[in-house]
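K.L.:
Chains as they are written, first to last, in the working numbering: chain A, 1 to 213; chain B, 214 to 684; chain C, 685 to 873; chain D, 874 to 1292.
Read the hints as simulated data drawn from the structure, not as lab findings.
Don't take every hint at face value.
Unchecked claim - Only pairs whose alpha carbons sit at most 25 Å apart, straight line, appear in this in silico DSS-like list of lysine-lysine:
{"#": "1", "chain 1": "B", "residue 1": "LYS215", "chain 2": "D", "residue 2": "LYS1183"}
{"#": "2", "chain 1": "C", "residue 1": "LYS843", "chain 2": "D", "residue 2": "LYS1227"}
{"#": "3", "chain 1": "B", "residue 1": "LYS553", "chain 2": "C", "residue 2": "LYS843"}
{"#": "4", "chain 1": "D", "residue 1": "LYS1275", "chain 2": "B", "residue 2": "LYS297"}
{"#": "5", "chain 1": "B", "residue 1": "LYS300", "chain 2": "D", "residue 2": "LYS1275"}
{"#": "6", "chain 1": "D", "residue 1": "LYS1183", "chain 2": "B", "residue 2": "LYS217"}
{"#": "7", "chain 1": "D", "residue 1": "LYS1255", "chain 2": "C", "residue 2": "LYS719"}
{"#": "8", "chain 1": "B", "residue 1": "LYS546", "chain 2": "D", "residue 2": "LYS1261"}
{"#": "9", "chain 1": "D", "residue 1": "LYS1275", "chain 2": "B", "residue 2": "LYS553"}
{"#": "10", "chain 1": "D", "residue 1": "LYS1227", "chain 2": "B", "residue 2": "LYS542"}
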Amino acid sequence: MKKKFNLFNWLFDGNPLFSMLLGMCTTLAITTTFENGFVMGLSVTVVLLFSSIIVSLISKYISDELRIPSYIIVIATFVTVLEVLLRKYSIPVYEALGVYLPLITVNCIIMGRVLSFASKNKVGASILDSLKCGIQYTFAIVLLASIREILGNNSLTIIDNLSGLLGFKLSFNIFPSSIFVPSNIFLTSAGAFITLGILLGILNSIRNRGDSK
Amino acid sequence: MKFKVDNGPHVKDSDNTSRIMNRLMIALIPIICFSVYKNVSIIYRMDISILEALKPLFMILIAIFTSVITEFLYSLFILKKNKKDLKEYMKHSYAIFPGLFLALVIPLNTPLLLVSLGAFIATLIGKMIFGGFGHNIFNPALTGALLVTTAYGSFISGTSNLFELDTIGSATPLANLANFNYVGTFEQIVGKFGSIFNYIFGTIPGTLGETNKFLILIAFIFLVATKVIKWRIPVFYISTVFVITYIVSLTNDIGIWYPLFHILSGGLLFGAVFMATDPVTSPITPMGQVLYGIGLGILTTILRFLTPYPEGVLTSILFMNMTVSLFDKIGLKIRNSFNKKLIYITIFILLVISTGFIINKNLNKDDSSVKILNVIKSEDSYVYEMSSKAWGVITANVTIKDGVVISVDIVNSSSETKWSHIVSNDYINKIINGQDNLDSLDAISGVTITSDGLKEMVKKVIEDYGDKYER
Amino acid sequence: MNLIPLFFMSILSENIILNKFLGICPFMGVSNKEKSAISMGISVTFVVLCSSILTFLINKYVLIPTDTVYLQTLMFILIISTFVQLVEIILKKYSKSLYNLLGIYLPLITTNCAVLGIVLINIRSNYTLPESIVYALGSSIGFTLVIYLFSLMRVRMDKSPIISSFKGYPIALIAAGIMALIFSRFVGV
Amino acid sequence: MYSKIKLDDNKEISLKKELIDKSDITYVYIPLFNCGVECKCLVKKGKKVKKDTIIGIREDIDFPILSPVSGTVMGIEKRLYLNNSLVDCIKIKSDFKNKSETYNEVEDINNYSKSKYIELLKRFSITGMGGSDFPTFLKYKNKVRTLIVNAVECEPYITSDYELIMHKASEIVDAIYAIKVINNIDECYIVIKRKNKELYNVLKEYIDFYGNIKIVKVKDYYPAGYEREIVKNILNVNYDKYPSEKNIVVNNISTIYSIYKALKYNTSISKRIVTLSGEMFRTPVNLLLRIGTDMSSVLKRLDGYVRKTKVKLVSGGPMMGYSLEDDNLVVTKNLNCILVIRDIEEYDENPCLKCGRCIEVCPMKLSPVSIKENLSNPDELKKLDVNKCMECGLCSYICPAKIDLRSYVRAAKKEVNHK
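Excised from the complex, chain A in its bound form (with noise of 0.2 Å):
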């Protein structure tokens, strides 16, 4: 029968996050909200995007033992355009990620999928490509900022940060806080290797259930 287009395959069997364990220096620290975790998969996927258009053009003339650095230096660029253009719209966008926006260009899913994707194959690909890599990516980060916020402090902020720039703040509780009280272990970096662990574990016996059966 024909493999029903399964919604949960495509978005974990070749995660970078989840399957790969890559990029994991960026999204631990600021996936305290939903908000940084959305805004941080976001400014990834767009870096991705146009570095591998970039990188897919000029890929061919470049010698092969320059290519890594020519390719940091097509990805620094973005990502300082990035920082720019985030220090002159929303600050508070800007202070939320702190240090770890300009940490994106060492992100290892970024220099992973520019070098081994994007240089050997045409644009139009490469685009496909970057943005089912990057789809997947926010998409893992941000289950893992809700979950992080959801136990930390009871709390879903969507808008926070980014209110300068949209107008309008949304952000809501979960459960009433008779029942839950929210620890804020889960904010702190402890809280974030053990949540990613046990998240991690529990995929994987989701998938390797689905194998098996």
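Dock chains B, C and D against the given chain A, drawing on the hints supplied.
P.N.:
Just chains B, C and D now, kept in the frame of chain A:
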């Protein structure tokens, strides 16, 4: 007639794991009974409901119940064991101990729900995920305790601790020591809790396990005689703490009671005899155990003196659990040659002495408990980032506008600070309103240290603002 | 912030890996044998120390005067990768033994978040030169300490019967979580 | 620092009864096997042989295998050797005449030359009777400065050496003195357990007669009777592989008695005392058995089994012995005991507690648990110097989780040696 064939030796020692664990249980029973008796006898005088009095008992029962149930469910669903060998598995995996040890380590006033959550975490994350009995790296009970106290710390200190409120106004002896900047006269530090004997016989505040030192000593002798625990770890652990605190007492010419106080207070004795010697998470080689014990001693004293958290035992045991295979490697390397052993022993002894002096040096530095972390100038007012070492570290942003403090908001506080009291008495506004003569403002009973800390902070800001920006 | 507490803080409580999440890719990947962990640590210390000095000077005398502060990221990345290239060539020529010890990890460092992370934190929290050297040294020692401790535990975890879905990365993450908790208790040393 | 383990040796149960002589049997099976090496058979079916005629040879050191009885060779059959493996043995039908080929009484046993002595030891195929079955003449090849006679018998249940000394003390001491004179050895020691007072009194009488043979008493802990352990305790000397490197010879007391038979009567030993003991054996006793008897016939006649399902038959002591599939075991010179013990099933293995007892108890100061954990990487095993292990079995004995550590160490040895 056919016979059974196997290649091991055909006669074996009568002792086995379950008998060892039973003897460990026997050693624990007197300590549990004493802690229940202590709580009941105190409450008897204050005629509070029996339910409240038997809290230690409930804590232990709930903790054991949760950890056994968790292990049962874990092996049933996740390890998918069928009925027959599930019973066998449960018999050999000693599910009681993570819960029991957790109940004995967690502060007395933790609500029961948290105790069961702690036992659940201790069994699940501390032990089962790492592969069940014999494969965990960290001591399960301590992992559970650490996770729960960090996650819901404010909750624990929020509820009133029956025991403390009654006899002695403030927290455990160690927290009290921290307030005197770790050095003080006999009166201040020990006298407050009665004589040294109170310490030995446990009529001082503290968690369930750590009260009666005499019973712990007896349990230690019994456990070593019946070969249940590794005797080298507690012996070297406690003697290192004694040596270091002795150095500190010598240099500040305090009496011999000071090292004794350090050994008899807090969770040191209980931790050294029961928690540090948990066979699975401690080194195997004899020399490894010796160095492990000395390392534990050094870490505990560093944590006790230099960090705001009064209790160093829990963190140092967990930290040393990470380095167990390193000490085993060393132990294996030097097991045959005596002079190699000598080299390692001297290195570690030098470490011990140098820690003594380092602690001593840091002590004398008059870091008054309140410090200005940094000052940020916003439009017309100044925001002082302050940290005050009251009961643990409190950091707060105090905004001051041309001489008048307009707001004090707490950034973060260590797990032991009791915020429910401060908020309930709306103490912060009281400070802000009466900020010109703060000394007259008295502290809230039961939370003396924290309220003093806040007052100090505001006073420091006003004074600093005065000489820096006033002119 | 005088130097000694900064040094200890950057090793223990504000540890690069456990508190600031930088350098997790090598942390997970490389730390299965003690030897590789230590040599990784040493090479990172070497590169971070020198590149933080270099970046401080360039930032002070080139970027700020010419008001092109936004070029920081680009500039630092270039410095780090050229520096790594330089070190690789020097090592290959002069000390062969050191090269085999550290060789394989040097290219890995360029894409390592920890190096750029430390350098950026130095600049962002505008440390003076001595402070940034102490911070760089401290955090790279912290990096090596954590990677070494973790490789000790990894050896033992690989042998124990963890259920299949938690084997490998998930259990490593949980153990790292507990480590982070323990390190965070060292605040104020 | 290792705590000395005292095993409850319940030796007294097999000393209650007097020695029973069961050596008159018709069929004898001589295994073509010596110290782990297969030997060649020299006789064909139907050939008539006398006692001490050479019926087999071990080619590499051309060490003879002798017939304990006179009779006719019936052919070659497979029988169970004491290490629980089937070995082909020469079957001889005894004619009870017991005529020896080389028997003659020698007056003064001291005036052999050294070469004649070594030639005698080889001709009468004297081997280590403590269990090693090692050809004794190889030990005396180079200069010998000290001779140690091992009468410790540290394995529980076994009392065959004890019984031998009680009966043949004077012959043994004569033999020791003769060996001392022939090889002009400086010192001779007889090592016994401090506990066995009677042995001391019995030997003392004869020792005083000769003067400079010393009796050394050793504490009663388990691997006290091991070659390496004795040499270390008495002479405080550590050798690498064999004591002969330090000109020391360690002989079991029964081997000394067989040397006496060779020197005095020029004949090989054809009978030996075997202890038959164990809780599951109704009447534990010491038996005088002819070399080569098939135990199944003897056991059936005694029929002392306490019938129970879970029973184990063990050749040698409980610590070092091998458990056997069947009771058709063949008595050889190095078999000193047969045990019938209960198989305790609560010895099933559970996870290692990392309690460190096996490290404290190992006489060679090894670390069995680290060897078990590092089985997969050989360079680590070399560092743990696995070859020093003498397989005394104490680590498996003491382990509370009942893990059979000795087999892991054996596997590690195989791994390291065959590389």
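K.L.:
For each hint, tell me whether it holds in the structure or not.
P.N.:
Each hint tested on the structure:
For a cut-off of 25 Å, the pair hint linking LYS215/B to LYS1183/D stands: about 10 Å separates their Cα positions. For the hint pairing LYS843/C with LYS1227/D, the CA-to-CA distance comes to about 14 Å; that is within 25 Å, so the pair holds. Of the supplied pair hints, the one linking LYS553/B and LYS843/C is violated, its CA atoms being roughly 30 Å apart against a limit of 25 Å. A threshold of 25 Å between alpha carbons decides the hint, and for LYS1275/D with LYS297/B the separation of about 21 Å falls inside it, so the pair holds.
About 19 Å separates the Cα atoms of LYS300/B and LYS1275/D, which keeps this hinted pair within 25 Å; it holds. For the suggested pair LYS1183/D and LYS217/B, the alpha carbons sit about 7 Å apart, so the restraint of at most 25 Å is met. With a CA separation close to 18 Å, the supplied pair LYS1255/D and LYS719/C stays within the 25 Å bound. About 16 Å separates the Cα atoms of LYS546/B and LYS1261/D, which keeps this hinted pair within 25 Å; it holds.
Only pairs whose Cα atoms come within 25 Å are accepted, and LYS1275/D paired with LYS553/B is rejected, the gap being roughly 33 Å. The straight-line distance between the Cα atoms of LYS1227/D and LYS542/B is roughly 14 Å, inside the 25 Å bound, and the hint therefore holds.
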